[in-house]
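Please model the complete structure; the sequences and the hints are all you need to start from.
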Amino acid sequence: MWEKIGGAVRKTGPVSRCVSVPMVYPIGTTSLPVSGSATSMNVHCTDRSTSLIFIMPAAILSREEVVARLMDVVRRNGYDGASLAELSKATGLGKSSLYHHFPQGKEDMAAAVLAYLEATLDASVFAPLRADGEPVVRLRAMTRALELFYDHGRDACLLANLGIGETSQRFNPRVKRIFDAWIDALVVVLRDAGLSKPVARARAADAIIRIEGAVIVARALDEPSLFDRTLRALPEELLRA
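In my numbering, each number is its position in the sequence shown, counted from 1, plus 41.
Calculated from the structure, these hints are not laboratory results. No false leads were mixed into what you were given.
Taking CB as the label site, the calculated pair distances span:
#, residue 1, residue 2, range
1, P144, E175, 44 to 54 angstroms
2, N118, V258, 12 to 22 angstroms
3, D233, H141, 43 to 53 angstroms
4, D233, L102, 38 to 48 angstroms
5, R104, G235, 41 to 51 angstroms
6, E148, L262, 30 to 40 angstroms
7, G174, H141, 40 to 50 angstroms
8, S137, R171, 41 to 51 angstroms
We put the beta carbon where it would ideally sit given N, CA and C, even for glycine.
This is the structure:
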């Protein structure tokens, strides 16, 4: 049932389970800016000359989705540059809600981001290196994953953002653990290719230095092709006799 209230209309019964309370807007409204991840829905009345817009509440994000959005902000702005206002806007959570989930504030958020990053890299970058198959195929799988993860050199390195500068004392142990895991995974491939353990370890460390350096230079010069070129050449160079 629809009823008019002044210059607006509303439905008195439940509209859908997605709308908890009636949202009333003037007759004739055709669009409404909505912030965050909320969406709008046009609902036509029995009077076809009028239209009512309801706002559906933003979908509830999982913790993983919240942490992924936090990671984007920290990656873009660094730990010190990531303000609570930006973190709140990115996640759609108020500051009080952020503190509810992360009682120690930004430090808890950064720790969650690093844990998420570690799991992401392990699944997409390190796991292919530890898998069965030809070494060159496994190395190319790593470089393809890195192209996506760094958006072909356009995205900053979160490990560098959190592992150096004033924040390094807080997060360096975990950053070091991620780099160690990466080196260990590369060593597995290079040992399978017949390299001695010392040579394999040295080349693994050199590979990460080249990858991380390529991210910095490609971003600084705004030339993503530099990053892609470095990755394309890497597998064969690591496996050379």
